[in-house]
Amino acid sequence: MRKLKTVLIIGLAMVFAVGLSMSACAPAPEVADPDVGVEEPEADAYDYYEMLNEHATTTDDPYPDSPAEGRTIAYTDIMGGIPFCANVYGSVQEEWAKAGGAAEDLYYADNQYDATVGLQNADILLAREPEVLIWFQFDSMVNSIVAQKFSEAGIPIIAVDVPVPGAPFMGVNNFQVAYMAGEKAIQLVEDQGGIDTVDNIVLMQMPAGGEVTMLRSEGFYQAFADEYGVDVIDPMTIRADGGAGEAEEANAAMADVLASIPDAENFVLTSINEQTMDGCISAIQTAGRWDPDNWVIITQGVDDVGQAQIREGLTDAGIAYFPERYGEYLIPAASAFLQGHAVPPFMYVDNEVITAENIDEWYPE
Amino acid sequence: MAHNQEEAGVKKEKKFYISNTVTLVIVLIAMFVFFSLTSTHFLSTYNIVSMISNLSFMGIVAAVLTMVMISGEIDFSIGGNIGLTSVVAAILVDSGIPGWLVLILCLLMGCAIGVFNGFLVTVVGVNSIIATVGTMSVWRGLAYTFSDGRSVLAVDPVIDFLGRGNIVNIPFPIILFIIVFALCYVVMNQSKWGRKIYAVGVNPMASFLSGINVKQVKFLTFVLCGLAAALGGLILTSLSMVGMPQHGQGLELTIISAILLGGTALGGGKGQILGTLTGILILSVLLNGLTMLDVYYYHIQIAQGAVLVAVVATYEVRQKRLQQ
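Chains as they are written, first to last, in my numbering: chain R, 711 to 1075; chain A, 1237 to 1560.
These are calculated hints, taken from the structure and not from any lab test. Since the model is a prediction, treat every value here as computed from it, not as a measurement. Where a beta carbon is used, it is the ideal one built from N, C-alpha and C, also for glycine. Mixed in with the good hints, there may be bad ones.
Rough simulated footprint, nothing fancy, chain A against chain R, three-plus residues with beta-carbon under 8 Å [as the list claims (entries may be wrong)]: (1) 821-827; (2) 830-837.
One side of the interface only, derived from the structure: several residues of chain R facing chain A at Cβ under 10 Å [claimed, not checked]: (3) D787; (4) M789; (5) Y818; (6) D951.
A few chain R residues that don't get close to chain A, going by computed Cβ distances all over 12 Å [claimed, not checked]: (7) E841; (8) G903; (9) V922; (10) G939; (11) P972; (12) D1070.
Can you make the complete structure from the sequences, with help from the hints?
In C-alpha cells:
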C-alpha cells in the first residue's frame, strides 16, 4: 500500500514537472487586441448592414432575400430571467424570424452573470458550430479568451453592451448613460433648491457585475462631481453593494444605508437596474422614510418594471436602453456577417431620458 | 427451517442489490444516450473534452471536500477560497512574479486557509457550518478588497498551462482531475487514514476512545480542502485568463450538491469518492446537454434540483427497505 502511494505521488510530481517545463517552453499566448479585426473599411462597406438596419427599424416586413434562411447563429444572455434580457432576446428572436431564420437555428445560452458559466457556454456553443455568435457577458476581460477561441474557429462575434476584443460592439455606452442620468438628476436637484438641500447621493452598485457595470453608477457620480466639484460631492456620496442585480439584496443594502444615516432627509438615488431599484424603494418605504418630494431617483434601462415605476411616480426618470430594439441592430449585423459583408465597429442605440411626461410617447400603454 | 428461509431471504436481497454508485452510473449513461440522440453535437470530441476540462476544477475540490464531509464536517468557504486565490494569483502575475512561484505561493495560501478553517473547527470548537460560512465571506471580501472589485488579467506560461495546456493532446486540467480523484480514491479505500476518516465520521467518540486522533484527522482534511480549492482557483484563473473576485461564487452549493448526489451523507461516515465523481459528471452532463437543447438556465436549475432530490430520496427509500 505504501509503495502504491509513493508511486502515485511520484507520478503526480512528474506530471507537474513535465507540464511546467513544457509550459515554460511554450510561447506566451496572445491576448486578443481590441483593435485587431476591426479594419478600416471603405465608405460604402456598411451599406448592406445599414440597409437591413433601416428595414428592421422601419417595417415589420421580412428582410429582403431572407439572409438568415438555412443559416445558424448563437445568442447568449447576460442574465436570463430578468425583463431587460427577456426583451433583448425577444427582439432577437423576432428579427431572426423576419430575416428568414428558423427558430431551431438560433442557439441560446444563458451566462447568468457568471464568468464560469460563460466559459462553459462558450465551449458548448463552439461545439455546436454556429456561423455567428452574439455574445452578451458581463466581464470584458473574460471576453478575451472567448474572442480567442471563436477567432481560432473562424466564427465572428458581435458584442452586446460589453466589449469583446476584435468584435463589433452593439449596445449602450455605460458611462455615457450613467452621465445622462446624472445630468437629469442635477436638473431635478436644481429645481428643488440646489445641491445644498441634498443630504446624500446613494449609488446602489453591483461590484459582482465587473467594471463595465460599475460605470453605470460611477458615470452618475462623475456628472455630479463635474457640476459641483469633488470636494462637495465626495463627502455626501454613499456607495453600496446592491448584490447581483436582484431586488432582495438591494433591499437589505438600502436598509443598511438608511440605518447608517438616520438624520438624512433628502436623497439622490440611482442603481444599476430597475429590479435593484424596486428593492431600494421597498426598503425606503419599510423604513418609513418615503416621501417622493425628498427623493430624486433615476434608474437605468426602462424595462417593464422601470416603466411601471415611472408611471406610478416611484422614480423621477429612467435612461431608456430600448432592449426591445436590440434585435434591429444585432440581426442585421449577423445577417451582414452571414452574407459576407462588413459590420460597423460600433452600433449604439440612441438613449432617451424617460419621465412621466414623455413615457406615453415612447411606451404607449 | 426458519434460519434457512432467512438465509435465503438475505441471499435474495444480495442478488438484487445494486449499489448507489452503480445506480448513478446507470443514470449517467441514460443521460448520455438521451442527449446523444437529441443533440447532434453532444457526443462530439470537442464537447466532451471541453465539458470535462471545464468541470475539472470543481471535481478536484469536490473530491477533497468529500473527505471533509465523510469526516462529519463541511467547508462552505471553498468558493471564497477560489475567488481569493484567483485574485491573488492574477495580482502576483501582473506584478511580474514568475508563474511557478505564484503557483507555489497560491497553493501555500490555500493550505493556510485550510489551516485556519481547521483551527476554528478542531481547536476553537466552532461548528464547521458556522465557521466556514463566516470565512467564506472573509475570503470573498478579501478578494474584492485586493482587486478593488476589478478583474485582473493573468497571462503567464505556467499559469496558462494549468488550465489550457495539453499533454499528449489531453488537457492538463483533465490530467490533474484524474490524478486528484485517483489519489483520493486510494486514500479513502486503501489507506489507514481513509479508514480513520470514515470512523471519525461515523462515531467521533468511539474513534477517540479507540485511539484515533479525531482532531488531527479532521484538521488535515480541512488543510487538503484548502489546498484543493486553491488549485481549483488557479485552474479557473487559467481557463478564464483572468483573476476575478467573483470566481467561484455560488460554487460551494453546486459542489456540495454533486457530493450529496454521489451518496455522501451530510452527517458524515458515509460516502464514496466514485459517487462524487459520478455526481459531478451527472450535474455537468445535465447542464451541458440541456444547454445544447436551448433550455433556459432556470429550467436547467429545476432539472438539476429535481435529479438531486429524486436520487437522494431513492437512496433513503432503498436504505429503509434494506433495514427492514
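Hints, verified against the model:
| no. | hint | in the structure |
| --- | --- | --- |
| 1 | 821-827 | holds (count 5) |
| 2 | 830-837 | holds (count 6) |
| 3 | D787 | 8 Å, holds |
| 4 | M789 | 9 Å, holds |
| 5 | Y818 | 5 Å, holds |
| 6 | D951 | 9 Å, holds |
| 7 | E841 | 14 Å, holds |
| 8 | G903 | 34 Å, holds |
| 9 | V922 | 10 Å, violated |
| 10 | G939 | 24 Å, holds |
| 11 | P972 | 26 Å, holds |
| 12 | D1070 | 32 Å, holds |
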